[in-house]
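Residue numbers (the numbering used here), protein chains in the order written: chain A, 1 to 365; chain B, 1001 to 1209.
The hints are all genuine.
Below, a sample of chain B positions facing chain A; criterion: calculated Cβ distance under 8 Å:
#, residue
1, Glu1044
2, Gln1068
3, His1071
If you are wondering where the hints come from, they were derived from the structure by calculation, not from laboratory data.
Please read these numbers as outputs of a predicted model, since none were measured by experiment.
C-beta: ideal position from N, C-alpha, C; glycine also.
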Amino acid sequence: MSKSKPIKKSSQSQKPSPPKKRVGAKLGASHQPNPIPDTQDKPYGLVPLTTQGIDRQIPVGQDKFKHDRFSGKLHLALTVQTASFVASGVVAMGRDVDLKADLIKTAVHQKNQLIIPGSSLKGVVRSTYEALTRSCLCKTKAKRDEIPKGHGECKIQKDKIEVCPACRVFGAMGWQGLVAFPDAVGQKVSTSVGFMPSLYRPRTENPMYQNDGKVSGRKFYYHAVKAVNAGEQRGIPVQQAGQAYVFKTALQFKNLTEAELGTLLVILGQDSDYPMALKVGGGKPIGMGSMVVTVEALEKPGNLKSRYTHYVLPDSDHLTDEPLKRFMQTAIVAAHQTLIEEYQLKELARILAWPTQRPAPEGMY
Amino acid sequence: MSTEIAPLELTEVQWQVAEAIARKLVIERTDVNELRKTLSYLREYVDRENAGKAFFDYLKTLVRRGDQIGHSKKTVEYYKSLDSICSEYLKDYQDKAPQILMILGWATRLVKYYDKGVPTGEIQPITVMSEREAAIQAVTQANTFEVGQEIEATVAAIKKSKVTYEILGTIRLTQKEPKLASKLTEGQTVSVYIADLKNDGSIKRIKGI
Chain A
1 MSKSKPIKKS SQSQKPSPPK KRVGAKLGAS HQPNPIPDTQ DKPYGLVPLT TQGIDRQIPV
61 GQDKFKHDRF SGKLHLALTV QTASFVASGV VAMGRDVDLK ADLIKTAVHQ KNQLIIPGSS
121 LKGVVRSTYE ALTRSCLCKT KAKRDEIPKG HGECKIQKDK IEVCPACRVF GAMGWQGLVA
181 FPDAVGQKVS TSVGFMPSLY RPRTENPMYQ NDGKVSGRKF YYHAVKAVNA GEQRGIPVQQ
241 AGQAYVFKTA LQFKNLTEAE LGTLLVILGQ DSDYPMALKV GGGKPIGMGS MVVTVEALEK
301 PGNLKSRYTH YVLPDSDHLT DEPLKRFMQT AIVAAHQTLI EEYQLKELAR ILAWPTQRPA
361 PEGMY
Chain B
1001 MSTEIAPLEL TEVQWQVAEA IARKLVIERT DVNELRKTLS YLREYVDREN AGKAFFDYLK
1061 TLVRRGDQIG HSKKTVEYYK SLDSICSEYL KDYQDKAPQI LMILGWATRL VKYYDKGVPT
1121 GEIQPITVMS EREAAIQAVT QANTFEVGQE IEATVAAIKK SKVTYEILGT IRLTQKEPKL
1181 ASKLTEGQTV SVYIADLKND GSIKRIKGI
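Chain A on its own, in the form it takes in the complex (with noise of 0.2 Å):
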């Protein structure tokens, strides 16, 4: 999944339907939603800003567990559907990485087990989670002059501590969040060599990205049926994740709200309406990087002060299978109702369906 990147859309796009008002909701001085930019035959699609403006809150903090809010850990395996490629910036030998190549780009790995770092994790699915809710636009390259007016940074200040949904969850500079990234550890040590062609860098002076001069969405790519293999002559070789390979890693959250670890579950791909996988690593315009999430278990203590005096969990506090679905799906609901936005939503889960059809560009994109 891309890192969220400021678009500004076209001039000559389609005009979407406006959003169903949500009862409640806090509303902006625009019900409008930012027309979808027209990205044609690109292999990505942009999700528009949020016309409600950015719903910020006091955040809860990790001072100490809250007894109305869901503290513990999400067991996760991402399994990878398209040939996947975290960069660790080294370039070696083939030989110093048991694989036959005179020169690669390695991934990053530890005895040869490939790893995500939780860095990348969180950065994915913080920019989907920035989408879908009243979010602020802060990870961003856009001029601060080209940040429409009220979706600035958040500002942790002394006397107002006030932030948007997901500097409440991710963190904010001088605040931290409520979720912790482990690093995803591949779960065997067998890599293989990928050819990755050249790729071209953004082009943001497209007038695709132009809305009045303001940035008007984040860039998301779609994931397609298999990434594009340019051959050992036209490719650079990675050291990649092949098919079927596994991540697993266990997502630890404090004090979240129920809402706020459905949205979670959205991302992660659980809600069976919008069935999503995320794109994560390098590659994305030519199709790597897709990968399905399992939730294997959740990790609820059911009373936070028998936690301090027990090392293990009773086995009503680990669910698994029927009782998990179960929880997942209130989560799910009580996100829809209280967090996601639902045009956005239904943008992103275009751009992220998954299984997909959809060929990987051969050529210029």
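Chain A is fixed; fit chain B onto it per the hints.
Leaving out everything else, chain B in the frame of chain A:
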């Protein structure tokens, strides 16, 4: 708990090597980012056996197959430049990968200074002596030698009629000794006399007695 950090200081000669590399990189307009990439490689594998030798193999591979990973035709030229500069200045450190890492690390920093702080036309390459040359120079400066002077030497090596003497624990000189070679053994301490001096006063030739 205290954490001890190993001393990470360069010797005077290593500083000169770092400076010479930096100057050469700027003169040849080599992209310092490519040097940084090779440093990342060395840092990743510095702890393994023969890391220094593998580093030189790596530079050769970059020259040979750099077009695979490069983004422009210039990239391979940069790799050629890096390979020749490292071969020129760092061969003595082939068995000391951590020292290569330190020297190149400082060279990348110095590149910034020479690139931005000094007009390119004014930068001249400098010649640097090896660690061994520096040690010999130090011994020469600390002693006064004369032709005919007798001194003690250790037989460091014997190859057919050639004998390598080591004097003052540093200076090694090889001399044809057809009459003596068969009588000497390696490690033996013998007396030699100075047969010739260089212009700077250092020993050019010694003969066994």
